[in-house]
Amino acid sequence: NAGVMQNPRHLVRRRGQEARLRCSPMKGHSHVYWYRQLPEEGLKFMVYLQKENIIDESGMPKERFSAEFPKEGPSILRIQQVVRGDSAAYFCASSPGLARGETQYFGPGTRLLVL
Amino acid sequence: RKEVEQDPGPFNVPEGATVAFNCTYSNSASQSFFWYRQDCRKEPKLLMSVYSSGNEDGRFTAQLNRASQYISLLIRDSKLSDSATYLCVVNLRGNTPLVFGKGTRLSVIA
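Listed in order, the protein sequences are those of chains A and B. Per my numbering, residue 156 is the first one in the first sequence, and the count goes up by one each step. Per my numbering, residue 1195 is the first one in the second sequence, and the count goes up by one each step.
Next comes chain B alone, as it looks inside the complex (with noise of 0.2 Å):
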């Protein structure tokens, strides 16, 4: 079992749709979980963090269920702009590497 999995996309949707993605992570003692963004030939850039009460940034929502081991994203009213590869990320404790699964790519169409 691969240690972060994501939906495989890609996600095609008009603007204004609002667009779920799903991750699950099979290490358990995982503490800390994040949502980057990759855009075509960039580095990752950090979407945000996700924390066990949920947060919400703007249009963005992440959860996370540690029962589960099961996080995700919502993105409302999608521009063009959150065209880009969405990368679920989880990493055990500080000070050490982060797990990236392989990423959700998104295009909003006009």
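Extracted from the complex, chain A is given alone in its bound form (with noise of 0.2 Å):
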């Protein structure tokens, strides 16, 4: 049973360039969360979707930032117009959204580099 994946690893992109993240949850899984790791900080809410539909984006920034959840297809974080400040890990986590207590399971990470 694969666990979450996600793809690229590893993300280097100059200003201005657009960054594209995916994220395929665990199987039998309908729920994804984006989670944001600054450099020695810990992991920030971003974005939390189930198929087709975000549920809360409280934690994106207002600009730039956007989130998918296609009926068919991962989950795809994008970042438009790259800035220093975006180099980061980004963690994709899923969950079967079932049961309270139940909690989230997260993929290997994007190392996003900005130069």
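A portion of the hints provided could be inaccurate.
For lysine to aspartate or glutamate, the following EDC-like pairs were computed, each having C-alpha atoms within a straight-line distance of at most 16 Å [unchecked claim]:
hint, chain 1, residue 1, chain 2, residue 2
1, B, K1236, A, E196
2, A, K182, A, E227
3, B, K1296, A, E227
4, B, K1196, A, E196
5, B, K1236, A, E227
6, A, K199, A, D241
7, A, K206, A, E227
8, A, K199, B, E1197
9, B, K1296, B, D1233
10, B, K1239, A, E227
11, A, K199, B, E1199
12, B, K1296, B, E1197
13, B, K1236, B, D1276
The set of hints was computed from the structure by calculation and includes no laboratory data.
Each of the two chains sits in its own frame; use the hints to bring them together as a complex.
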């Protein structure tokens, strides 16, 4: 049973380019969460999605960031016109969303470096 | 006040030592509590859930005090492989984002 998959594992972009991060949840999981971890910081929530719906995007920066979880295929976190401050590890987590206390399982992360 | 606060660390302990981590959370409505472990440049991995009655998993014991909004993790007989950052994590309720502390770094030294 494959875990949460993320790709690419490492991504280098120049300022102003676009970054696309992909996440495939664990089999049977329909809830996806994206978190960002800045260097020497804790993980911060960005966005929570279910298939074709954004449930909570309260942690997403208002500009340049967007997320989707289409009916078919992985969840995508898109960062337009990247800046150096976007350099971070971006983790995706999934859960089946069935029960209180059900925790989330994390993918290996995508490490974004903006030059 | 931060939502989840942890001892800043780092904790440097010899093999075989007992070490305790503390954590406090600000939202009294929180319902679920966890300890995660994160190795350098890796993803967080669930170490254990924390229950009101306290729970133990081998050398690891977790405690929760809802009245004080306090969570603890005790590691007995530390191993070199226990070296990692330990994250205190709180969840308001199911299907909501996890709230992470900044983590406490542990180094177990031979």
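Structure-based check of each hint:
In summary, the hint linking K1236/B to E196/A is supported, as the alpha carbons are separated by about 14 Å, within the 16 Å threshold. With a C-alpha separation of about 13 Å, the suggested pair K182/A and E227/A falls inside the 16 Å cut-off, and the hint holds. A distance of roughly 35 Å separates the Cα atoms of K1296/B and E227/A; the hinted pair therefore is violated under the 16 Å criterion. The straight-line distance between the Cα atoms of K1196/B and E196/A is roughly 13 Å, inside the 16 Å bound, and the hint therefore holds.
As the CA atoms of K1236/B and E227/A are separated by approximately 28 Å, the hinted pair breaks the 16 Å bound. Of the supplied pair hints, the one linking K199/A and D241/A holds, its CA atoms being roughly 13 Å apart against a limit of 16 Å. The hinted pair formed by K206/A and E227/A meets the criterion: a straight-line CA distance of about 8 Å does not exceed 16 Å. For the given pair, K199/A sits about 11 Å from E1197/B by alpha-carbon distance, which is consistent with the 16 Å threshold.
Among the hinted pairs, K1296/B with D1233/B is consistent with the structure: their alpha-carbon atoms are about 14 Å apart, no more than 16 Å. Taking the CA atoms of K1239/B and E227/A, the gap is about 27 Å. The hint is violated against a cut of 16 Å. Restraint check: the Cα-Cα separation between K199/A and E1199/B comes to about 14 Å, which is no more than 16 Å; the hinted pair holds. Between K1296/B and E1197/B the CA atoms are separated by roughly 10 Å; this keeps the pair inside 16 Å, and the hint holds.
This hinted pair checks out: K1236/B and D1276/B have alpha carbons roughly 14 Å apart, not beyond 16 Å.
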